[in-house]
Amino acid sequence: MRLLARAGSALITLLIAVAVVFLGVRALPGDPAVALVGQEGDPAALEAVRRQYGLDQPIAVQFVKYLEQIVTGNLGTSVRTGLPVSEVIAGAIPVTLELAVVSMSVAVAIGVTTGVIAALGRGRLIGRLVGVAALIGLSVPAFWLGLMAILVFAILIPILPASGFVPIGDDPVAHVTHLVLPALVLGSAFASVIMRQTRAAMLEALTTDYVRTATAKGLSRWQVVVKHALRNSLIVVVTVVGLQLGTLIAGAVVTEQVFVIPGFGKLMIDAVTTRDYPLIQGVVLITATAYIVINLLTDLLYSVIDPRVRVTSGSAA
Amino acid sequence: MRSFRSFPYGSQRALFSILAVGALIATGACSSQSNTAQGARGGTDKHVKYAVSGEPGQLDPTLANTFTSVVIFDAMCETLYAVSPEATMVPRLAAGEPEFGEDHKTVTVKLRQGVKFSDGTPFNAEAVKVSLERHLTHPSSQRKSELAALESVAVVDEHTVRLTMKKPISPGAFSVLVTDRAGIVMSPTALKSAGDDFGNSPVCVGPFKYDSRAPQNFVKVVKDPNYYDAAKVQIESLTYQIIADSTVRVTNLRSGDIDVVERVPTTDVAGLDGKNGTKILKSNGIGFIGLEVNGGNAGGVGKPGKVEGPLNRDPRVRKALELSIDREALNKVVYNGQYAAACGFIPPGTALAGEAATTCTPYDPQKAKDLLKEAGVTAPVKVSLLLSNTPEFTRIAQALKSMVQQGGFDLEINAQDSTAVLAAATAGEFQLHLNSWSGRIDPDANISRFVSTGSPFNYGNFSNPKIDEMVAAARSEPDVDKRRELYGRLTTELAKELPMIFLVRPSFYAGVRDSLEGVTTQPNGVVDFRAARVTGQG
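The listed protein sequences correspond, in order, to chains U and Y.
The first sequence maps to residues 1 to 317 in our numbering.
The second sequence maps to residues 1 to 538 in our numbering.
By construction, these hints were calculated from the structure, which means they are not laboratory data.
Backbone N, C-alpha and C define an ideal beta-carbon position, used for all residues, glycine too.
There may be inaccurate statements among the hints.
Here are some chain Y residues pointing at chain U (derived, C-beta under 8 Å) [unchecked claim]:
{"no.": "1", "residue": "Ala-244"}
{"no.": "2", "residue": "Val-248"}
{"no.": "3", "residue": "Leu-422"}
{"no.": "4", "residue": "Ala-423"}
All chains should be built: construct the whole structure from the sequences, respecting the hints.
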């Protein structure tokens, strides 16, 4: 029942997102037909393009038609390339998802480890060093970091490729080597966020009664930290990961541009700059869906980790 | 460890959901592979990677409208005539120079014999007729204005076509018509079977043929064994990698992941020329960057209206603005001196460039102030400049703002997204518009569209019957010497009215790995790979 209600509200959110984007892109200055035909184009062709994509019809009519289309799973045709939007997006999403998951894995591994170290080493040199590293990770723009990474690892010490994406089926080793730099660059900022959250949660957990009890029971330091303090701190990490996964896709925009990765982020930028209405709408629809689904999953994951959430939601239901 | 079953039912579902997402990602990572670019280092095994700055859009010669499409068509869709590095017309699918009828209303073109399209269809006069007629009649054709002068196409024999024009056409104007995408000949067999989907797998005559593409990512062409000069083509495949950011393009060239990059920023030219295993190829452009003045567009192109402001009212104010601009300094500040100053629409050094057509108004801010006084205008004169918010145009605008201050102008920079700029320019929402034009090999195509009354690209709605007459006379004059003189007079007349203030003439710099030889460039910056070969050095 609770799930059904959540799914209903998610659907409404999605509909609002679709309407906002539909109207939003049309409120932008610049005609997609002009963007398509270009400065050196033909005025007659401009009219033909408007007719072809229904841009000459009232916005209400265009919106109803678009809703009809998406209900049947048809996201329209890209104005720029003439290819089906669903096909274009389907080609880009897996690339970004893979990049996002690998980057997030890197970020979680680095962030949680350094977060625990920073909490345990509070007030000591190691704690301060980790804090400074996190600050740098947060402050350095991804674009600059990406270019520096290329400069160091592809030009000065040429051990990794500078750009591109190799299909795993073509060459598994090249597939991995092409992901190393983008994943590190994209993951670095998120590692800093996770580190700071882990540190704060750990510091709080280490002062709680159950941790004191666990220590008093004679458990080893390792058991107290990992099994009791860290486990309870992980709920914060899971929340951050859930929220950041969406942000990570947005962050992929820059990383994909720098490393020429044919993913969803690059697609978004290209769609907006070329005023490709159907593509922009398709991209936003998918992004909104992804956000809603990830938030839903994060909510559900709470109950796995924290029994209190499970009890509360159980009694509420 | 707790067993999975010890989790409550809702949590099990959550775990299932996570596992499902994981599985989806894993499946997706595998399924995405079919349409992603190969990222292997370039310059190996005769497979060349060429970084281009934008998505080509539709690869249908009738519907194509981007510069990147021109770049790609050069490798796989040959035109009847091509542009030489010296900006002259040379036969390509045609067998020789065009033969003009006495009245210059008919043009006979003899075609190469023994030529085949990449699908094996014979190339002949009928194919030329089918292609030109498609360009003319397709409802969404982007070639209609380019072919506006063409009335009909007739097949004379298997290898000869006769084009009938609506009005007499000069050899120069004809050269513009047949060297761009309107001159591309498409396979009639492929057109018949693919129809409007022709662009998804274009079939033409060229050293390379279409292989695959991933939107916003790459287009790959491979050597065409059916090409008439296939024996000379040494590159096996050519991948056009779309990299929008110039810094990223250059970085990839340095690392060797890319073999050739187009449009190297002028700030990077020195760093790539003869260093890091790279070299620079320069081509002198035939286009220009200039300031278009809104003289009469208050509600749309082609709808003359009254525009307020001293700049539009008095040519002396426009002259003062021109006198306030130091073109050489602009070139140095914005382009490291790698471009050239542009003083008119005819590039110096070309056949029709006489002295009058290339004379420059010298930088003289004092004279500008005097002229403003003479015109009865109080300095500083506020002028708004509409421009696309690219880093390059923004730098030009900033340099101009500082320069024209000395001449008594206060320039307000109105930078917007390029599509918004086009919309604003079309609607007449500007005083000055920073415009760029890639250029054509005939001067008429570089001026008539901007100053002729009623031209859809005359954003300022400039209209002057005398200039209209002069443009028409110069366009249809067949004699080169007389034409040169006519263009000189036209330039002098335009300098009085100043509907456009020319600023700089771009040069194109392509960055090439040393391992690649035989690459040449055209005046529009297109890189030609017909004679390219990979040496494996550098």
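Verification of the supplied hints:
Interface restraint check for Ala-244 of chain Y: the shortest CB-CB distance to chain U comes to about 7 Å, inside 8 Å, so the restraint holds. Checking Val-248 of chain Y against chain U: minimum C-beta separation of about 6 Å stays under 8 Å; hint holds. With 8 Å as the threshold, the beta carbon of Leu-422 of chain Y comes within range of chain U, its nearest partner Cβ sitting at about 5 Å, so the hint holds. Residue-level restraint check for Ala-423 of chain Y holds (minimum Cβ-Cβ distance to chain U is 5 Å; threshold 8 Å).
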